Amino acid sequence: MEQITILEGRQKQVFEKKKGMEQVDISCDTSSLSGSVSQRACVFCGSRVVLYPVADALHLVHGPIGCAAYTWDIRGAVSSGPELHRLSFSTDLQEMDVIYGGEKKLYHSLIELIEQYKPKAAFIYSTCIVGLIGDDIEAVCKKVAKETGIPVLPVHSEGFKGTKKDGYKAACFALMKLIGTGSTEAITKHSINILGEFNLAGEAWIIREYYEKMGIEVVSTLTGDGRIDAVRRAHGASLNVVQCSGSMTWLAKEMEAKYGIPYIRVSYFGIEDMSKSLYDVALHFADRPEIMEAAKQVVSEEVKKLYPQLQKFKKALTGKKAAIYVGGAFKTFSLIKALRSVGMSVVLAGSQTGNKDDYARLKEMCDEGTVIVDDSNPVELSKFILEKEADLLIGGVKERPIAFKLGIGFCDHNHERKIPLAGFIGMYNFALEVYQSVMSPVWQFAPRKGGQQ
Amino acid sequence: MLLRHTTKEVKVREGLTINPAKTCQPIGAMYAALGIHGCLPHSHGSQGCCSYHRSTLTRHYKEPVMAATSSFTEGASVFGGQANLLAAIETIFAVYDPEIIAVHSTCLSETIGDDLQQITRKAKDDGKVPEGKHVIFASTPSFIGSHVTGYANMVAGIAEQFSVSTGEKKDQVNIVAGWMEPSDMREIKRLSAELGVKIVLFPDTSDVLDAPMTGKHEFYPKGGTTVTELQSTGDSKCSLALGCISAEPAAIALEKKCKVPFETLDMPIGISATDRFIMALSQAGGVSVPDTITADRGRLVDVIADMEQYFYGKKVALFGDPDQLIPLTEFLLDLNMKPIHIVSGTPGLRFEKRMQQILAERSPETNFKNGIGADMFLLHQWMKNEPVDLLIGNTYGKYMARDEDVPFIRYGFPILDRIGHSFFPSVGYSGGLRLVEKILTAILDRQDRDALEEKFELVM
Chain B
1 MEQITILEGR QKQVFEKKKG MEQVDISCDT SSLSGSVSQR ACVFCGSRVV
51 LYPVADALHL VHGPIGCAAY TWDIRGAVSS GPELHRLSFS TDLQEMDVIY
101 GGEKKLYHSL IELIEQYKPK AAFIYSTCIV GLIGDDIEAV CKKVAKETGI
151 PVLPVHSEGF KGTKKDGYKA ACFALMKLIG TGSTEAITKH SINILGEFNL
201 AGEAWIIREY YEKMGIEVVS TLTGDGRIDA VRRAHGASLN VVQCSGSMTW
251 LAKEMEAKYG IPYIRVSYFG IEDMSKSLYD VALHFADRPE IMEAAKQVVS
301 EEVKKLYPQL QKFKKALTGK KAAIYVGGAF KTFSLIKALR SVGMSVVLAG
351 SQTGNKDDYA RLKEMCDEGT VIVDDSNPVE LSKFILEKEA DLLIGGVKER
401 PIAFKLGIGF CDHNHERKIP LAGFIGMYNF ALEVYQSVMS PVWQFAPRKG
451 GQQ
Chain S
1 MLLRHTTKEV KVREGLTINP AKTCQPIGAM YAALGIHGCL PHSHGSQGCC
51 SYHRSTLTRH YKEPVMAATS SFTEGASVFG GQANLLAAIE TIFAVYDPEI
101 IAVHSTCLSE TIGDDLQQIT RKAKDDGKVP EGKHVIFAST PSFIGSHVTG
151 YANMVAGIAE QFSVSTGEKK DQVNIVAGWM EPSDMREIKR LSAELGVKIV
201 LFPDTSDVLD APMTGKHEFY PKGGTTVTEL QSTGDSKCSL ALGCISAEPA
251 AIALEKKCKV PFETLDMPIG ISATDRFIMA LSQAGGVSVP DTITADRGRL
301 VDVIADMEQY FYGKKVALFG DPDQLIPLTE FLLDLNMKPI HIVSGTPGLR
351 FEKRMQQILA ERSPETNFKN GIGADMFLLH QWMKNEPVDL LIGNTYGKYM
401 ARDEDVPFIR YGFPILDRIG HSFFPSVGYS GGLRLVEKIL TAILDRQDRD
451 ALEEKFELVM
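Chains B and S, in that order, give the protein sequences. According to our numbering, the residues represented by the first sequence are 1 to 453, in order. According to our numbering, the residues represented by the second sequence are 1 to 460, in order.
To be clear, the hints were calculated from the coordinates, so they are not data collected in a lab. These numbers were taken from a predicted model, which means no experiment stands behind them. Among the hints, erroneous ones may be present.
As a list, the in silico DSS-like pairs of lysine-lysine whose alpha-carbon atoms are at most 25 Å apart [as the list claims (entries may be wrong)]:
(1) B:Lys118 x S:Lys384
(2) S:Lys216 x B:Lys388
(3) S:Lys62 x B:Lys449
(4) S:Lys8 x B:Lys118
(5) S:Lys398 x B:Lys418
(6) B:Lys258 x B:Lys142
(7) S:Lys8 x B:Lys120
(8) B:Lys177 x B:Lys120
(9) B:Lys321 x S:Lys62
(10) B:Lys363 x B:Lys388
(11) S:Lys11 x B:Lys118
(12) S:Lys216 x B:Lys321
(13) B:Lys418 x S:Lys62
(14) S:Lys222 x B:Lys449
(15) B:Lys104 x S:Lys11
(16) B:Lys120 x S:Lys11
(17) B:Lys143 x S:Lys11
(18) B:Lys449 x S:Lys216
Here's a subset of chain S near chain B, in silico, CB distances under 10 Å, partners left out [to be verified]:
(19) Ile18
(20) Lys22
(21) Gln47
(22) Ser51
Okay, the calculated bits of chain S under chain B, using three or more residues with CB under 8 Å as the criterion [said to hold, decoys possible]:
(23) 52-59
(24) 72-80
(25) 90-97
(26) 106-114
(27) 177-189
(28) 207-221
From the three backbone atoms N, C-alpha and C, an ideal C-beta is built for every residue, glycine too.
Please construct the entire structure, taking both the sequences and the accompanying hints into account.
Written out as structure tokens, the structure reads:
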């Protein structure tokens, strides 16, 4: 096989778990090397994906047209009501604006839009050049908020000011300004916020239903199927349940500091983690044992249904190998467990935004010989997929065609998932999707895995 | 009603764009650079730009799209991106080993004032560009023009920076491809071969973005115009630029640098524009048009005649990029249809003038607008005020089509939800046939769907 080298300067972001090997820390949380074909995005992207599902807010991208065009309705974050978030609004900055500043344009755009659509709040995303030309977005937002009477929140998401994670933080910062401004009247003691669940393909609805079946009140979902009014009263909940660790842990910590709301980290992928996320919440509300009883009831009913359905997939998939390369590391943990439950092993695990603790845990979880990567690139991914003879790649939009060119199956565990993968039903969907792709008859016609049949 | 927010009343907006019918320059530069063999496009800006462009191109082609980025940080944005770009060039040649790096700028690097010409020259002077390898560049600020401008700028950069005039003319014709699909480029090459004219087509994304499955991930697929071919463009007899906005700047660059005369044509979409292309190419090559091509044309005319009653008077709204919209509008008029609303986000007077020429006699009442304020929101408002029978445009048109319950043909960039554009051309007579088939299918399917039972026809 052709030898592909790992990018110089990237050796510290790649690790292979071997016996007797000294436990070096994987290097992460760094920006990508100049000149790498990175699969990562920018600060703006991080902010945009986190806030996008708030459906009754106005989302105005302040910058040249590209940033708004590329993020126009690309995320299947479903709303049960308003759909203002699915439109693309941009100040479409031109050369003259770059020279003379874009504040006026921003002001007029905001006034026009708020008058027209009467949103509950507005998020103003600043993009790279806004940071450079020095528009005082804060001042414009303040002015418009005063004139229109709705919260107008700047999101400082200049693309170059860090990584996608900094974008999550900027988004949470804007949310934090909203939280605490609504009434918490009538919120019960046994209540939670669901954090870091974006309602892709309706996943938040599934999760919400489980919790409600347990007798728990869900005050707000941040931000899936999100509503401004619900965000404003989120501080009335007793517990924050945080999924997608990368995006929302910061917010949970802030809410803990400011409002004394404790938080737990959960994952809704796979039977094991899904069940745990219900039990952990029930444990928090130990004063009402019937909540735990209800949780057990939900889990047992769902698992009873699900378990036999999975066996067909497990039979076919046992012994197959998977490679995982997704955004957040926390998701990787769940995926490893979920894959194991259908008989598959993981030979490559990586993420775009994992931190030190994440990688330490990943190393612990993985089997011998598993390759662990941070901020990988297509050359590396192809190399390891071929070397480790993976049958499946789990990734996002840019990884999909690479998997198919290599002649292996693919599962989108990112924005472009079409069916819910969270919850117990999600585990079934996930297994089905993996099964469909790995066992597809198309592979019989294709030169596979480097061309060696 | 996804676009329930669209109001019927058209109000003047102060520089606000809603649902854009364009995107920014760099993605066009990236697409153009992929049409050079062994080339790695490089985005000199933040990481997000490169990631978004790759994702969008990947969604459109369902192919891996490789490109590198300077990964700007806060430091680079204060002190300039020279160090990042120099480091990037070194890294790319060391690890990804392309023949060429095609650097394009972004709003960020342009605003900082990075001079790509100076930085790439420094890279060469400092020995960071290995012997026989190349670094080219194009300035593509996102706050000017659109993705089409970015394409034009990169193609002009390719012509300018590769062409060499040896003083010895070659018996070949340059064809500068406007922004078209790999399938279209393949068809242009087929037609030229059929005519017997030797051409250099650039850029050429066929066999790059429509690659077969091989079991390998080819970092540099086999297609793309080669460096040798690009260098030889300076010795060609003449250039034909297919598209006054996306292709002409490259032809002008070649004329300036190597004195290669050029002619600008509309992109060969539909009968009239293809006629002009075939005529120009046969004249440039000094050949006569073979019977096979005449027969292709005849078949297209025959089909249109067979079905002419279904085209007549049908109102069409279209949006997209200027070089496609111009010949497409002409073709719709040739089909006896009525293109009544036309929108392109790409600014420029050339579009306006050419559209006026085409529409003046046959459809002076047509609404058309390009540049600032010409977005899909406006088009949708127009459609509410004067409904149409057919909508033609990229995937984003599906919202309007659904809300207004109008038959919809996907055409242009990007198409994120259907396949076909990579494989079936829309240029040439065979491309015309495909368009005719698509239009008829859309219209007749609708007629069948809406027909009363007693009027539901078997033979159409």
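Taking the hints in turn, this is what the structure says about them:
| no. | hint | verdict |
| --- | --- | --- |
| 1 | B:Lys118 x S:Lys384 | holds, 22 Å |
| 2 | S:Lys216 x B:Lys388 | holds, 14 Å |
| 3 | S:Lys62 x B:Lys449 | holds, 19 Å |
| 4 | S:Lys8 x B:Lys118 | holds, 17 Å |
| 5 | S:Lys398 x B:Lys418 | holds, 18 Å |
| 6 | B:Lys258 x B:Lys142 | holds, 23 Å |
| 7 | S:Lys8 x B:Lys120 | holds, 23 Å |
| 8 | B:Lys177 x B:Lys120 | holds, 14 Å |
| 9 | B:Lys321 x S:Lys62 | holds, 24 Å |
| 10 | B:Lys363 x B:Lys388 | holds, 17 Å |
| 11 | S:Lys11 x B:Lys118 | holds, 17 Å |
| 12 | S:Lys216 x B:Lys321 | holds, 18 Å |
| 13 | B:Lys418 x S:Lys62 | holds, 16 Å |
| 14 | S:Lys222 x B:Lys449 | holds, 19 Å |
| 15 | B:Lys104 x S:Lys11 | holds, 19 Å |
| 16 | B:Lys120 x S:Lys11 | holds, 23 Å |
| 17 | B:Lys143 x S:Lys11 | holds, 24 Å |
| 18 | B:Lys449 x S:Lys216 | holds, 7 Å |
| 19 | Ile18 | holds, 6 Å |
| 20 | Lys22 | holds, 6 Å |
| 21 | Gln47 | holds, 5 Å |
| 22 | Ser51 | holds, 4 Å |
| 23 | 52-59 | holds (count 7) |
| 24 | 72-80 | holds (count 5) |
| 25 | 90-97 | holds (count 6) |
| 26 | 106-114 | holds (count 5) |
| 27 | 177-189 | violated (count 0) |
| 28 | 207-221 | holds (count 8) |
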